[in-house]
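So the sequences go chain by chain: S and Y. In this text, residue positions in the first sequence follow my numbering: the first is 1, and each later residue adds one. In this text, residue positions in the second sequence follow my numbering: the first is 1, and each later residue adds one.
Quick caveat, the hints were computed from the structure, so don't treat them as lab data. Honestly, I wouldn't trust all of these hints.
[Unchecked claim] Below, computed lysine to any residue pairings styled on SDA-like, alpha-carbon distance capped at 20 Å:
(1) Y:LYS336 to Y:PRO305
(2) Y:LYS121 to S:ARG23
(3) Y:LYS336 to S:ASN74
[As the list claims (entries may be wrong)] If you anchor each label on the Cβ, the simulated ranges turn out as follows:
(4) S:HIS9 to Y:MET374: 29 to 37 Å
(5) Y:ASN323 to S:GLU117: 50 to 58 Å
(6) Y:THR230 to S:THR382: 51 to 59 Å
Cβ coordinates follow ideal geometry from the N, Cα and C atoms, glycine included.
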Amino acid sequence: MPEQVIHTHQLANGLTVVVEPMRDVQSASFSFLIPGGSAFDPVKQNGTAGILTDWITRGAGELDSRDLSNALDNLGIQRSENTGINHLSFSAASLGSNVPAALLMYADILQRPHLPEDEFEGAMSGAEQSLRAMEDEPQRKVIIELRRRCYDAPWGLPTEGCLEDLVNITPDSVRAHFQRNLRPNGAILGIAGCVDLDEVLGVVTEAFGGWATKPEPEFATAPRGERLGHIHHESTQTHIGIAYEGIEYSHPDYYKAWAAVGVLSGGMSSRLFTEVREKRGLCYSVNASLNSMKQEGRVLCYAGTTAERAQETLDVTLGELVRLGDGIESHELERCKARAKSSLIMQQESTSSRASSIARDWHFLKRVQTLDDIRRDIDLLTVESVLAYVHQHPARDFTVLTIGPNQLNVT
Amino acid sequence: MKFFQTKLANGLQVIAELNPSVHSVAMGFFVRTGSRDETPEVSGVSHFLEHMVFKGSDKFSADDVNRIFDEVGAKYNAATAEEGTLFYGAILPEYLPITFELFAEIMRPALREDDFNMEKKVILEEIGMYDDQPSFLAYENLMQSHFAGHPLGQSVLGTNESITALTCEQMRKYHHDRYLAGNITLAVAGNTDWEKIVELAQRHCGHWPAGEGQRVIDEARPQGGLKIITRPKSQQQHVMQMTPAPSAQSKLRFAAEILSVIVGDGSGSRLFWDIVDPGLAEAADLDFAEHDGSGAYLTYLSCEPEATEENLALIRGIYDDVNKNGIREDELELAKNKVSSRVVLRSERPMGRLSSLGGNWVSRQEYRSVDDDMQTLRSITTKDIRDLLAAYPLGMTTTVAVGPLESLKI
């Protein structure tokens, strides 16, 4: 792998800037993680951070909503804004030469948004309608409702909010969320691609250096929902969500946990795909993934299957999760390693995946792993070490949520 | 980036755009066969066959296929549409030979009866899965209504009935008739050598049967209409509409592409500012879809049921205004900036180049570099857009609505 140089710089106000200049690309991307995600939604106002994510781009600095959007479009900025649990995230990609100008615009968005009264209704209505649309799509809904049942609040609350809380959210409560939470201390900016290090650091220091720090706000915790549940829905398929204990991203055994899930669901030769789909034809979609957060993690699984075959699908899937503890073949682990190696190398063709990876690493680890670091960790995995992890963190005490016409039995 | 091209004796077309500065190589077999090439008795066979290809050949079992792709860490998949069936993957350059052999081998699948019966269940599950996605249901029904009587109206997935009735023998015949070397294009993008590609193609594809698939590409003459699928318990109303647009062979297609960005892109477009931004709908966009011989503008609206008619009237107003007055210079300039950035970013990955490389060749026997695309984009004028609108105005010829509404006035 070519040598990778990653620079980390912290402004006096605590904003961390991580820059990875890349060769052979014309583009550059950045990924801002700003404290103030849905975990900080006020009680009974789940959805506040989500509405702010939309509202905050509706005018900032000297530009109103439309002028701001046009200015970003004219720079060819492909952007997206997302509400996370801890952070609001703002991603942008364009030709490298346009990135300094884009950073200046995001300085306005994050520090000087207008949050105009007459644009609030639009943001609110958009949020409400996308929650309604989700009610019509059980495949999406099942994972959101599963998280509510396997994590305590606020970690398990939907980042997009919920319909019954939206009525409690007002322009003032969203402004208060902005004032209280969005701050440079704890914020991370990942930049990757065709950029000049000194130039971007100069721009960032000038544009964000004056942003005042704020104390870290508290959040309220509440117990998670019922471990087993069913939501009736007149759908063609029964949508099955299963969760069990995983580990956090910073855990020394993280890659072992990753490999264990990889054996289950890492590719089309993995166990769930082979046993549930290929050998039995029970479903089109079946998968498991490691959902690692800062303090804890879960393995989340999904399977969608027509109602009359749903019980068998659930039984076979749970059986496979448990069976992992019986043993892992060396070739299964080798395939996980090969897939990881190829993904790591291909990441170097995408400035946006590098920008988000380095920002995410800093958030979870307070350091950035190079692709070589990760490859070394993956090379060190053995069948014995992965299996030992599985024995320490066995698949059991499942949280199971189904959405569909009939309830299933969990054995 | 450098372009290469040849044709094997059996008619297989081989094209490549090579770039030594990227880390991976992407390859794809573009088979010019899709739902439009099916007869009603075998509705859904192209897509079902796409699945069966991964069940292996005489040399490789289904397990072998899944195992080998994962052993080389391939990012791979396949897709079936009205126009074609595409098998594609991206790998590190050192794994090209084994990946190539595997892909080439499974293009002549064994089509074993027991695999066929097992995979049939998966296809029926896939149909069930899409049935739970209102926007997909709307799209599927819209294609059938809009292109009724034309081959483009034939369903990609097929129905529970057609798939249940389909036999392995029918699939074997379809494969025999359609997977002919002259009906397939091999496209490669990324970091590898041309000599290696030609050698691999000759070794693994040289024996494929020659011949070309026939296809009727008359332009469709949609009659239009309204179809309402009532789902009383749904929360949102989903409406999709189609109206004729330029075909994949028309010079007007570039103008149609940029017009759809100006009028109906996900953000910063006319539909966005007038409908989505003020919160009148969750989504309101306009896309352009090109097919062999025909094309369509596709409108999508998702909103609260009671706001549907009002939103459709707003969309109608925007379309009427555009048809009458064309678009402004500043709108065109902004859309060009947006689209050129998308083109550059997508092109940085071999996988991102593959679909446009293969698509241009299959539809038009044409190679277009990223620079060609940028130049064409830059050269579009507001007059080009007016010419497009004179031939293909925006409209609401055919409508399908999925949601609680029992009636709808367009």
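Verification of the supplied hints:
For the hint pairing LYS336 of chain Y with PRO305 of chain Y, the CA-to-CA distance comes to about 35 Å; that exceeds 20 Å, so the pair is violated. The straight-line distance between the Cα atoms of LYS121 of chain Y and ARG23 of chain S is roughly 47 Å, outside the 20 Å bound, and the hint therefore fails. Using a Cα cut-off of 20 Å, the hinted pair LYS336 of chain Y and ASN74 of chain S holds, with the two alpha carbons roughly 8 Å apart. For the pair HIS9 of chain S and MET374 of chain Y, the supplied restraint of 29 to 37 Å holds, since their beta-carbon distance comes to about 35 Å.
The hinted range of 50 to 58 Å is not satisfied by ASN323 of chain Y and GLU117 of chain S, whose Cβ atoms lie roughly 36 Å apart. Between THR230 of chain Y and THR382 of chain S the C-beta distance comes to about 58 Å, which sits within the given range of 51 to 59 Å.
In terms of the numbered hints stated before, the structure departs from hints 1, 2 and 5, listed from lowest to highest.
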